[in-house]
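Q: If you read the protein sequences in the order shown, they are chains G and P. Number 498 in my numbering belongs to position 498 of the first sequence; there are no gaps in the numbering. If you count the second sequence from 1, you need to add 780 to reach my numbering.
In short, the hints are calculated from the structure, not lab data. Take the hints with a grain of salt, since some may be wrong.
As the list claims (entries may be wrong) - List time: in silico EDC-like cross-link candidates among lysine to aspartate or glutamate, alpha-carbon distance up to 20 Å:
1) G:Lys363 x P:Glu974
2) P:Lys808 x G:Glu754
3) G:Lys443 x G:Asp507
4) P:Lys956 x P:Glu1058
5) P:Lys956 x G:Asp507
To be verified - Residues of chain P clear of chain G, computed beta-carbon distances all greater than 10 Å:
6) Lys823
7) Thr872
8) Pro875
9) Arg906
10) Tyr934
11) Gln1020
12) Asn1021
13) Ala1042
14) Phe1048
Note that the structure is a prediction, hence the values are computed from the model and not measured. Positions of the beta carbon are idealized from the N, C-alpha and C atoms, including for glycine.
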Amino acid sequence: MFRSIVFLLVLCIPAAVAGQSKISISGYVKDSSNGEALIAAYVYIEELAQGAVTNSYGYYAVNVPQGRYTLRFSYIGYNDKVIVKSFNQNTTIQVELVSVSKILDGAEVRAKRKSESVKSTEMSAVKLNMRTIKKIPAFLGEVDLVRVVQMMPGVTTVGEGATGFNVRGSSVDQNLVLLDDAPVFNSAHLFGFFSVFNPDAVMDVKLIKGGIPAVYGGRLASILDVRMKEGNVKEYHGTGGVGAIFSRFALEGPIVRNRGSFIVAGRRSYVDVLAKPFMRKELKGSRFYYYDFTAKGNYFLNKNNRIFLSAYLGRDVFSASNIFGFDWGNQTITLRWNKVFNNRLFSNLTAFYSKYDYKIDVKMDESGFDWKSNIINYTLKPDFTYYLRPELVVNFGAQSAFYNFVPGTSHTNIDGVVSSRSLDNRYAWENALYTDVEHKISKNLNLRYGLRYSYFNYIGKGTAYYYRDTTANIRKPLEKTEKVSWFKSIAAYGNLEPRLAATYTLDSFSSIKLSYNRMAQYLQMISNTAASIPLDVWTPATNNIPGQIANQYALGYFRNFQEDKWETSVEVYYKSLHNQVEYIDNADLLLNEFLEADLLIGKGRAYGAEFFVRKHEGKLTGWLSYTLARSERLVEGINRGKWYPARFDRAHNLNLVLIYEITKKISVSGNFVYYTGTPATFPTSKYNFQGYIIPHIENDARNNYRIPDYHRLDLSVTIQGKKRKKWESNWVFSVYNVYARRNPFSIYFQPNPEDYMQTQAIRFSVLGRAVPAITYNFNF
Amino acid sequence: MHRIITVLIIGFFSLTACEDVVEVDVNKSETQICIDAIITNAKEPQVVRISQSIAYFDNSGDFPPYAVDSVVMSDNLGNKYYFDKTQTGVYTYLPSPLDSLEQNSHFILKVYKGQAVYTAQSTLMRSTSIDSLTYQYNERMNGYIVSLHARDAYGVGDCYWLRTYRNGVFMNHPGKINIAYDAGYPQMFSDSLEFVFPIAIMQINDFEKPYQIGEKVKVEILGINGDYYQYLSMAQQQMQNGGMFAPPPVNVRTNFTANAHALTPVGFFNVCEVQSAEIEIIK
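My request is simple: use the sequences and hints to build the entire structure.
A: Encoded structure:
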């Protein structure tokens, strides 16, 4: 089996691998001011009309016949650099590009043509740099990249303050959120108001919604690849801010000048301190705050070897007067080793550890209850890039991940009688091999194709549960349990995941792209609530929960206008989802040994069209995105076995972001969003049973109505402070939800508290007013 | 557990969050027949009530009674119990049919209307004895707090429904549905312990309106089966389903079935052993 898989993967490598007498030009492209790698910078050889793109570490390589060439290095927001030289042997060229904003005042500078969005094979992808993200009006003045991602086409959220985001009609747990390659299992602070990423420590963000390269796997819907800054290799710098709800500080600098650097960044919120005077009496003494700490270091051992170490630790703490305590958070550590074997072969070995855990503690007099749960992942991931020819780059590699799921251990203390209860840990081992080829077939046709083979093994030690089939939506009866010893397989799933992306450039400013990807996912977050909560437990695929599969087809037209000042695109997609997890009515999802008896397996489909217009340059920049979409599920036992809209389905999705630079010192920005209301289940009638008025839904319908549409306007003004020699600062004044719309998060139905025989509908808005904020940011 | 967290979160969001009563248009829907048949061994008339559902936003309070032809219960010993019509939709059996029956006896209830037959089954489940009810004055709340002293019967898996009557009126606050799995809740191991604080105190008191001198408090403990426990737990969830972390609303699941001439009704049939205690608050 294994051998045939390897064979298949090798088949993906084009036959013309035979070496030719060519020389290679390779090196790193960096930012001149701080030595940070520039990811996806473009290297273009004018004589050959061929080019290359730097990888995630800023490395590039091209193989060309000997000769004299003009090399043009370019990157958005930076000035091009041109090198003309004769190349007779393998050559390393390290390039530093100068940021446009660093050019002296008065000089007329305009970034050169950046037709990357048209020419690259990447589609359904969004790249954001922190400079743009920082200019967008932010909730409580705190810049947040996940909230900016939510303003991109094809991305939605179930509502204000909900954790995570939904990509092209998929659920929150189907996004692979990577922080320096390590998966982050819960990307939110304070439920969903902020993400775990400290904006001062992030260099680059990329969201891939479709045409996902074979390098990535493990989730169905998208990859949110967040790369941390490497730190300034030239001099020490600090950045920070003092805001309405939290403060942050980051320090970066060289470890050894031009050889290694570090960055450390921390944040802490103090919303509880500020909120104290407004708290209700019974909530006095409550604490809720969060903090996170991000650190990264890198060091060039020599010209060809470089190591990186990055770490993240974050925690949310939530407690009420010593009665109740609840805290949760992520920890990740990533160790990477870049090695340039020769001018053609670049490798990166990544080892990471990622953990998400939470704890709950309830105390009342002598009695109490506590409960802990976590998920831990250890992964080893070798990746190689072979620069075969300028038009042919082969990426290949493997991934091996070991998972430890701790669904829950709890202690109950009733008047001094303590009983403890632990659900068995669950273990899984997930392996993958991939080949991914970037192939320029002709001047007009670019392909990226690949194959990933993933193999998931749900293993002991533990207990395997076997259930009998029953009517759908009834708890499945237990047939037997079986003790399983260490490493013995309980269930295994293997999937071949073909990936294809093709770009056909019609002319220098327009192209047609299409892509197909098949994705497999072997773990899921067990969550049956409108917004996922920090208590939700991750569970592996088991003998009762098959691995999830998604197939996605996308087609797009990309066109740039006015020398790439304007970037536009239209994409349509269709996605089919298999083995989607749903829940029986009244499912018991927490601390339930027999959880799998309460799960239902169904399928889904999602389709839509996305329109995107973005302006990169000039005094006015920003984007407009509009998505027309649909996401539905079909599960036996729900909605009487008929298709129903998913909880996060929104037909219309409009986002407008505008940033206007009035003067060099003052800029204003605004964004407006408009979303169709999410589906909801409304009762249609009620009956009287034992004096209780119980709601009833006709035909057992699911999501039979929609809550009102969501729209919101945010505004902000950024004023640069006086520039001092080493000190730069700015003030950001922002108002979130300017016209104070009470956007409903949900509408729910309850008896009237004055008279339980009467019932009423209640609109629940997480934010019911305009939220102003002031933030002071500085760097030195 | 979800609820505690939700309460705290809503407390936090109360700084900015808001809730408004709104008008919602829902379509007129088909009428459901509700059969309310909770039978106990108490020495008092046992009643089966049959009524119709009304539109969710109809707040007239009138649930039209539904007249049927007959209501008959039978047990595994071959006894038949005929419920007599006392009003339209109200069918009564006197005296209690369950006086002399052993635990775990099996019952079938049939309701006939024309060609339609509604059927449900139940097993008699044991209750547990009540040691006492006590009360204590709470200065802060300016009233009396009543405590129940009772112990879960030996053996894992007993389910109870505790009903509290204040001056003879059943406390029908949906938040006060008081169910117990052994002495606590399903996630705990609480076999044969004293009922835990939420069950023994929280759910039988109204902290916003504590008991005053002269008031009478009666607590009944009904032994119920697991399905009825689920029913009540679901009913409670569905009546109070809301906020950010609400699971999707679903219908509470009945144990009635209907033959081909009728639609499945709503409601429940359960036969329970009951124990009760009453106390009057005096100076």
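Q: Take a quick look at alanine 1042 (chain P) and tell me if its Cβ sits farther than 10 Å from every Cβ on chain G, holds or violated.
A: Fine: 16 Å to the nearest Cβ keeps alanine 1042 (chain P) off the interface.
Q: Please verify that the nearest CB of chain G lies beyond 10 Å from tyrosine 934 (chain P)'s CB.
A: Tyrosine 934 (chain P) clear of chain G: closest Cβ-Cβ about 15 Å, beyond 10 Å.
Q: Is it correct that the beta-carbon of proline 875 (chain P) has no partner in chain G closer than or equal to 10 Å?
A: holds, 21 Å
Q: With the threshold set at 20 Å, check whether the alpha-carbon distance from lysine 443 (chain G) to aspartate 507 (chain G) stays at or below it.
A: It holds: about 10 Å lies between the C-alpha atoms, which stays within 20 Å.
Q: Using Cβ atoms and 10 Å as the threshold, tell me whether lysine 823 (chain P) really stays out of contact range of chain G.
A: holds, 20 Å
Q: In terms of Cβ atoms, is chain G entirely out of 10 Å range of phenylalanine 1048 (chain P)?
A: Violated, since 7 Å does not exceed 10 Å.
Q: Take a quick look at whether lysine 956 (chain P) and glutamate 1058 (chain P) sit within 20 Å of each other, Cα to Cα.
A: holds, 18 Å
Q: Taking C-beta pairs only, is glutamine 1020 (chain P) more than 10 Å away from all of chain G?
A: Violated, because the least Cβ-Cβ distance between glutamine 1020 (chain P) and chain G comes to about 6 Å, which does not exceed 10 Å.
Q: Has the given pair, lysine 363 (chain G) with glutamate 974 (chain P), been kept, meaning a C-alpha gap of at most 20 Å?
A: Holds, at roughly 18 Å.
Q: Beyond 10 Å from every Cβ of chain G: is that where the Cβ of arginine 906 (chain P) lies?
A: holds, 21 Å
Q: Does the claim that asparagine 1021 (chain P) lies off the interface hold, with its Cβ farther than 10 Å from every Cβ of chain G?
A: It is violated; asparagine 1021 (chain P) is separated from chain G by about 6 Å at its closest Cβ, not greater than 10 Å.
Q: For lysine 808 (chain P) and glutamate 754 (chain G), compute the direct alpha-carbon distance and say whether it is at most 20 Å.
A: violated, 26 Å
Of the numbered hints listed earlier, those contradicted by the structure are 2, 5, 11, 12, 14.
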